[in-house]
Structure formats: structure tokens, C-alpha cells
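These protein sequence lines are chains V and W, in that order. The first sequence maps to residues 14 to 241 in the working numbering. The second sequence maps to residues 14 to 241 in the working numbering.
No wet-lab data here; the hints were simulated from the structure. Quantities reported herein were computed from a predicted structural model and do not represent experimental measurements. Warning: the hint list may mix true and false statements.
When chains are identical, the list treats them as one kind, so a pair holds in a single copy or across two.
Once the Cα atoms are required to be at most 20 Å apart in a straight line, the calculated EDC-like pairs of lysine to aspartate or glutamate come out as [what the hints assert, rightly or not]:
(1) LYS77 <-> ASP93
(2) LYS173 <-> GLU102
(3) LYS77 <-> ASP52
(4) LYS21 <-> GLU102
(5) LYS173 <-> GLU100
(6) LYS173 <-> ASP235
(7) LYS241 <-> ASP93
(8) LYS21 <-> GLU230
(9) LYS101 <-> ASP198
(10) LYS173 <-> ASP219
(11) LYS238 <-> ASP133
(12) LYS77 <-> GLU94
(13) LYS77 <-> ASP133
(14) LYS238 <-> ASP82
(15) LYS238 <-> GLU172
(16) LYS238 <-> ASP198
(17) LYS238 <-> ASP62
(18) LYS173 <-> GLU187
(19) LYS173 <-> GLU211
(20) LYS238 <-> ASP169
(21) LYS21 <-> ASP235
(22) LYS241 <-> ASP169
(23) LYS21 <-> GLU187
Protein chains: 2
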Amino acid sequence: MHTSENRKAVVLVSGGLDSATVLAVARDAGYQCYTLSFDYGQRHRSELDASQRVSRALGCVVHKTVVIDLRTIGGSALTDEGIAVPEKETEGVPITYVPARNTVFLSIALGWAEVLHATDIFIGVNAVDYSGYPDCRPAFISAFETMANLATVAGDGGEKFRVHAPLMNMSKAEIVQLGTSLGVDYGLTVSCYQASSEGQACGLCDSCRLRRQGFAEAGLLDPTKYYK
Amino acid sequence: MHTSENRKAVVLVSGGLDSATVLAVARDAGYQCYTLSFDYGQRHRSELDASQRVSRALGCVVHKTVVIDLRTIGGSALTDEGIAVPEKETEGVPITYVPARNTVFLSIALGWAEVLHATDIFIGVNAVDYSGYPDCRPAFISAFETMANLATVAGDGGEKFRVHAPLMNMSKAEIVQLGTSLGVDYGLTVSCYQASSEGQACGLCDSCRLRRQGFAEAGLLDPTKYYK
């Protein structure tokens, strides 16, 4: 019915490895990409610099950062300074889980998409994360899409909002391979939950461990700079 | 199975007439109310003072205001200074519609509810507004509820999140009558889209017109102070 050529998409960009890959996928599919990041009171604020670097390097049309202070509700090691980031694997849902974060981020992406007359939203969730984060599974994405089309004026019209999660079923190694084939410079990205202000990584948190393992399994050079 | 006695609920409070009534309904049902407001860059910032006054007067446990700058995405007369608030009735969806606003607000309420171990969320949407705002209809509330239970760790457990919209099918006159019977002091509330910093109302915008008409139809004294 329609081609993605010259269509607008809102792409959630965190500055990390997954969302950089998603942006490359969306661009490769012909979308004009409007990238969206959040200054939500996170510890790893150097990801905001990374979001901008990545957005520019991958040719976004506009990059915006929305300020939303999730420290007000707290409840996560990422938004509450009183809770430490774990440096080894833990049981159950990690304390780095930010309650309803993807729901909040997708909601704001939906609002911006409606303003832009865009109907496509891209997010870098994948099933590896689902082991701990419920808002990374296919059923969640699908339920969000249904809700989005009832929530908006645009969704009421002929064209429906679509939430794309192209990494959903990929391993970290496959993601790194895909991004590399699309020209992503992972040296621009920051994944660490407690990165230094220069964007150097701890190498110990969950996010660092998954990233490191991904490059190793893919047989690719890990460009990350570690401080620990 | 469970009683609302001593259960926690997150109640969205805007400082206006509807949400004050919802807070009174939730308290009357025995909930411990945690009220949530948003400093989202709105024109009518005196509603933030009203939110606090209303929350206190109706005995909330905690009142929080989350900062989220929706001016970054714009697209509404309420969040974009370049778009004027209409002073007479317009065709179609009003320009005061803020794209995805209720989705964003409910998402943050969901996050806080999860932090508080609360499963009940109250919102003051009603079908009168649905004529213009898609995120005020029953199908939207129901789809949000489904999504919320897939989005969260808490929703995955035995207890499910519920989104209560007790005003859904009420007229403005019925809402005013209900609130009055529950002891709401509507003199504390601000509904106007372009209220003065002292909380005085224009009397001309959609929100003022609906409110004025509600008091008139209910045969109750309108305590609103108008500046125009």
C-alpha cells in the first residue's frame, strides 16, 4: 500500500548500542528519522551526548530531548541515587528496571509522531532484555499499538500507528553484526548504566556485560572504553 | 476478593473540577490517595497551585508534581505559545488537544503505582470531552489497562492494574452535584485554559464554558472568579 520511502518515523534513541542499530535499520528502510531522547534524571547522563552523536552520524532529520523528571517517582537504581547499580548478575527483575519506562517513552514518541503526521515509531527492545523487563516483550508492543490507535486523533483516521521493534528476536551478537553491516560506529554509543561523564564504561553492570559478550560472540572488535 | 479500605490509589489531579471530583470519589470509596500532577509547560500554570490545594483539602497521603516538558514536541494551544486558545466553539478536534496527553499522564501514574505497590489508578475523563478528545473514551481506558498489565512487573503478578474513570458517563451538571454531595469546594479548583496567575478564569474558553454550564444546569452557585 505504501512505501517507507520519504515517510517520517520517530525513533527512540538512548545513546546505546541497540537504539543506534534500530536507527540504522529505519534509515536503511528509507524512513526520514526524527530521533527522540529523554533527560529523565538518569545516572548515565553521558548517554544524552551519545544520543546526539549517534543521531547526527546516522543522518536524522531532527533530534529532540524531552525533559521528564522520573526521579520524582523513583523506584529504580537508574533514577534513585539511594539505590546502587549492581555489579554482578542478580536474581529476578533487576533493580535497574525503571517502572513503566518504555510505556512513558513510547507515549511521548506517540505524541510527537502525531504532531509530525508520522505513523511509524521505532524502539530497540529485544527479547534478551525481556528476561528481566516486562516492557520488552512482543505482547507489550502489540498492546501498546492497539492502545495508541485509540488514544489519538491520527489513529482514528485511515492510517494506523505502527510500533516497530526490529531487534525483538535478535541476540546481542546478531544486533552488533547487523549494525556493523549498516555502518554503525559503535564507538559513538554508550551502554553502561554508570558511565563516566566522558562516556567511559564500567564493564561490570548488566548492560556492559551483555554488550561485551555481544562483540565477543560476533567476533567483532569492541570499541568501548572501560574505566574499571 | 478485596476491599478498597486502606488500599492505595494513584489519582491524577489537574486542579480542575473533574479531577477534584474523582479524588473525592476515590477517598469516599476508602482509598488512600496518592495524587499526581504534571508541570508539562502548560499555559494555565495556576492549575498546579490548585492541584496542591485540592489534594490537601481532600486529604491525600502524598501529592507529587512530575516535571515533563511537552513544549518540546508542541502541537497544541496549551503547550505552544505560538497557538492561541480559541474563545468560541470550533469545529472538529479543538486545538487545545495535547497529542497523547492522557497516555503520557497515565503511563507516569502507572510507574508511580508500581513503585507504591498500588494497583488502582483514577482519572477524571468523561464522555462530554470525548466529542473532541479521543483519549477520553471507554475503549481507550480499557486498552490502556490491558497494555499496563503487560508493561509492568506488578501487572504480571496476581493482582491487576485497574484504571477507574468514574465520571465517564456523567454530564458536567451531574459531576458538580456528585462532588458537592461529597464536600468538594470547587472554589479551590481552576478549569480555565488561560487562567490568570491568581487562578481567575477567562469565562470564554471551552473549559470555562462547559464548567459554567454545568453549575447552571445543576442549579448550584458557581464559585469561579472571572477576569473577562
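Cross-check of the supplied hints:
1. LYS77 <-> ASP93: Intra 24 Å, inter 16 Å, cutoff 20 Å: inter-copy only.
2. LYS173 <-> GLU102: Intra 40 Å, inter 29 Å, cutoff 20 Å: neither.
3. LYS77 <-> ASP52: Classified as both: same-chain Cα gap 10 Å, cross-chain 19 Å, threshold 20 Å.
4. LYS21 <-> GLU102: Neither, since 39 Å and 32 Å both go past 20 Å.
5. LYS173 <-> GLU100: Close neither inside one copy (42 Å) nor across copies (32 Å); limit 20 Å.
6. LYS173 <-> ASP235: Cα proximity of LYS173 and ASP235: none, with 39 Å in one copy and 42 Å across.
7. LYS241 <-> ASP93: neither (22 Å within a copy, 45 Å between copies)
8. LYS21 <-> GLU230: neither (34 Å within a copy, 47 Å between copies)
9. LYS101 <-> ASP198: Neither: 28 Å inside a copy, 53 Å across copies.
10. LYS173 <-> ASP219: neither (36 Å within a copy, 29 Å between copies)
11. LYS238 <-> ASP133: neither (34 Å within a copy, 45 Å between copies)
12. LYS77 <-> GLU94: between (26 Å within a copy, 18 Å between copies)
13. LYS77 <-> ASP133: Answer is within: at 17 Å inside a copy they meet the 20 Å cutoff, but 33 Å across does not.
14. LYS238 <-> ASP82: neither (29 Å within a copy, 33 Å between copies)
15. LYS238 <-> GLU172: Result: close neither inside a copy nor across copies, 44 Å intra and 44 Å inter.
16. LYS238 <-> ASP198: within (14 Å within a copy, 59 Å between copies)
17. LYS238 <-> ASP62: within (15 Å within a copy, 47 Å between copies)
18. LYS173 <-> GLU187: neither (30 Å within a copy, 35 Å between copies)
19. LYS173 <-> GLU211: neither (41 Å within a copy, 42 Å between copies)
20. LYS238 <-> ASP169: neither (47 Å within a copy, 37 Å between copies)
21. LYS21 <-> ASP235: Answer is neither: 32 Å inside a copy and 47 Å across each miss the 20 Å cutoff.
22. LYS241 <-> ASP169: neither (51 Å within a copy, 36 Å between copies)
23. LYS21 <-> GLU187: This pair counts as neither: shortest intra-copy Cα distance 26 Å, inter-copy 44 Å.
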